[in-house]
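Peer 1: Produce the entire structure from the sequences given, and follow the hints as far as they go.
Protein chains in written order, with the working numbering: chain S, 1 to 344; chain U, 1 to 344.
None of these hints come from the bench; they were simulated from the model.
Since the structure is predicted, the reported quantities are computational estimates derived from the model, not experimental observations.
There could be a bad hint or two in this list.
The list cannot tell twin chains apart, which means a pair is met if one copy fits it or any two copies do.
Stated by the list, open to error - Straight line, CA to CA, 25 Å or less: simulated DMTMM-like cross-link-like pairs of lysine to aspartate or glutamate: (1) K122 - E45; (2) K133 - D94; (3) K95 - D137; (4) K292 - D274; (5) K122 - D9; (6) K186 - D108; (7) K114 - E37; (8) K49 - D125; (9) K49 - D136; (10) K49 - E70.
2 protein chains.
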Amino acid sequence: MEKNLTIKDVAKKAGVSVSTVSRAFNNYSDINPETRENILKIAQELNYKPNIVAKSLSSNRNFRLGMIVEDYNITGMLNPLVFQIMMSFKSTADKLGYEVVLLSTNTDTQKSVKLSTIYSQKQFDGAFIMGLKLSDDYYRELIEFNHPCVLYDIYINNPNVGCVGVDNTKGSFLAVEHLINLGHKKIAMINGHKDAFVSYERLDGYMLALNRYALPVDKSLIYYADFTDQGAAAAVEELLIRHKDITAIFCASDLMAIGAINALNNRGYSVPDDISIVGFDDLYLAQLSNPKLTTIKQDAQAIGESVANLLINLISEQRIGRVVIQPEIVIRESTKAQYLKANP
Amino acid sequence: MEKNLTIKDVAKKAGVSVSTVSRAFNNYSDINPETRENILKIAQELNYKPNIVAKSLSSNRNFRLGMIVEDYNITGMLNPLVFQIMMSFKSTADKLGYEVVLLSTNTDTQKSVKLSTIYSQKQFDGAFIMGLKLSDDYYRELIEFNHPCVLYDIYINNPNVGCVGVDNTKGSFLAVEHLINLGHKKIAMINGHKDAFVSYERLDGYMLALNRYALPVDKSLIYYADFTDQGAAAAVEELLIRHKDITAIFCASDLMAIGAINALNNRGYSVPDDISIVGFDDLYLAQLSNPKLTTIKQDAQAIGESVANLLINLISEQRIGRVVIQPEIVIRESTKAQYLKANP
DNA sequence: GAAAATAACAAAAACGATTACGGAATTTTA
DNA sequence: TAAAATTCCGTAATCGTTTTTGTTATTTTC
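Peer 2: The structure is reproduced here in structure tokens:
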């Protein structure tokens, strides 16, 4: 195992001091352009790269970002969106010169080790937290947190913590409006769970659309299915018993939408001929299902980028609280006009 | 932003020198047990945690692992298996006291920055590389690599690099054997692409099973579909033209299996009544499809753990080359007995 | 009971960078 | 042309640890 090159080796080879080499590498002003060029050339030849650990320690700028994801996103049927957002976040962080270290938490670990402890121990300049629930300990800690932090899909009113997410209310509105435009009047909603911030926003959008088009809101049409396909299937079973006259269901996730479609098929209903379905997320899964899913698209790439940019702005003391990504509706095959049932 | 506690603060409060505090934390022998207890208690009270960056620099043990994933796993329809393996790897690395930093590569970046450069710059003790292709620059570099490294789903004969993966040959064998046992005699295979190591192993398993049961191998029944659903759909189109008499298709991934099923449905064929399909991976997707997919399960949890353990063994100079995970067949609804066509 | 060994700690030198400070050479100013 | 400013670079302190070496008591050995 060959010994690693240090700044000293470069300095010796270039016949200058280490501080000069450092200056060359960090674009300092007080260095002769010729010297700089020469040093960089020699460094290039030697294939020298500064040791990032030493750099962190000495500069007290760590260029380290934590990416903390809740465990429940990992086990079972995990959300591919999370993965895409993570990778997008990583890529833009990379471009901006930050490395990202991966962490996970769950309700238990949150009780034993505080977020601020993680920051100081890990020397994070900031962190990106995904999958935080309203009932989490970290959610409470974040209310008065004083380190840079960015959250996805949950909002906290604290200048140190940024929040990015799709406009869920608008997304839901778009979904339900689309159904209404197709002539549907009795539209059920299968929501996530009540510990998720987005569930409230998505519910708002649903109600807003109904109100806007002067349709009655029937609370017995609203189910909570925990973001799982089985949960959605169970909800559909109940819906088919209690509300035989529904013609459309808006699901707060694609996975639940698939669960709903499968349950409907099992009961002999056809999507979209009997019942229209719209999902939320636009996972790749939405193109794979049969019929292909009409859904609300969350742009994972854009979300990841926004998170990284926001976080790094926060680190450099620029306070920008919230980034809202605009959702789009993607119309495929799971929704259909329902004029016949519209006015019986 | 409160200043972080250092070892000095603990030393001062405990009335000892910093070296004694360090000894207390690192289970050194030459320290009075009472002193140690006292120091640990005080550290606990102060909520002091050692700065990992300083620790790395001074001890020259970094406890840092790189997790490098190929870009093509990110864009487009990404494989959820990769995500699960990543998280499982992270969790066990965590338990063993290592932090993992996330990186990505692609064919281009591999040309400009060598793997060994990444190691020295990032101060990695080791790295886990996912998605490496046979045509990659890093593959070539790894042949004579002298840092600890573990690969998933690709094999290299080098004591410094470990390899873990499912027994692909056996997995394919199981899949095809299952079809043969159901009475299928004309079985097509839709493989991945030729830059993937696993494609060769999976092909081997297919041929092995045919030979074992004295069925002829017809190379025109073997397609390469790039691991995509569209590729598989295209392959199916061709198969339906050229080989109307096939009764089963083995796909080297679940995604391709879904693509095949959809294509068959579009052409008016029923799965499994007309044609049986088996996939590979056992993604959650396999349970969501209609019919539910019979497939070969890769245990992501076990793979991630094995990779982490193997890598850390490699780091501590213990040479264990390869870990092979046993695949299992999961029989669901996409395969069915085909006695009628078996002997016409 | 003097020499040797051990136990328990402190002092100081690393680790590999950044950066505050200072100083010589050169250029600008008056 | 002397003083001031600027340019360019070296010296040395620093970051928060670990680790080597040193030191003082105490214990063991013969």
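Peer 1: Now look at each hint and say whether the structure bears it out.
Peer 2: Against the structure, the hints come out as follows:
| no. | hint | result |
| --- | --- | --- |
| 1 | K122 - E45 | between (33 Å within a copy, 19 Å between copies) |
| 2 | K133 - D94 | between (28 Å within a copy, 23 Å between copies) |
| 3 | K95 - D137 | between (32 Å within a copy, 22 Å between copies) |
| 4 | K292 - D274 | both (15 Å within a copy, 23 Å between copies) |
| 5 | K122 - D9 | between (29 Å within a copy, 18 Å between copies) |
| 6 | K186 - D108 | neither (42 Å within a copy, 53 Å between copies) |
| 7 | K114 - E37 | between (46 Å within a copy, 22 Å between copies) |
| 8 | K49 - D125 | both (22 Å within a copy, 16 Å between copies) |
| 9 | K49 - D136 | between (41 Å within a copy, 23 Å between copies) |
| 10 | K49 - E70 | between (34 Å within a copy, 22 Å between copies) |
Of the numbered hints listed earlier, the single one contradicted by the structure is hint 6.
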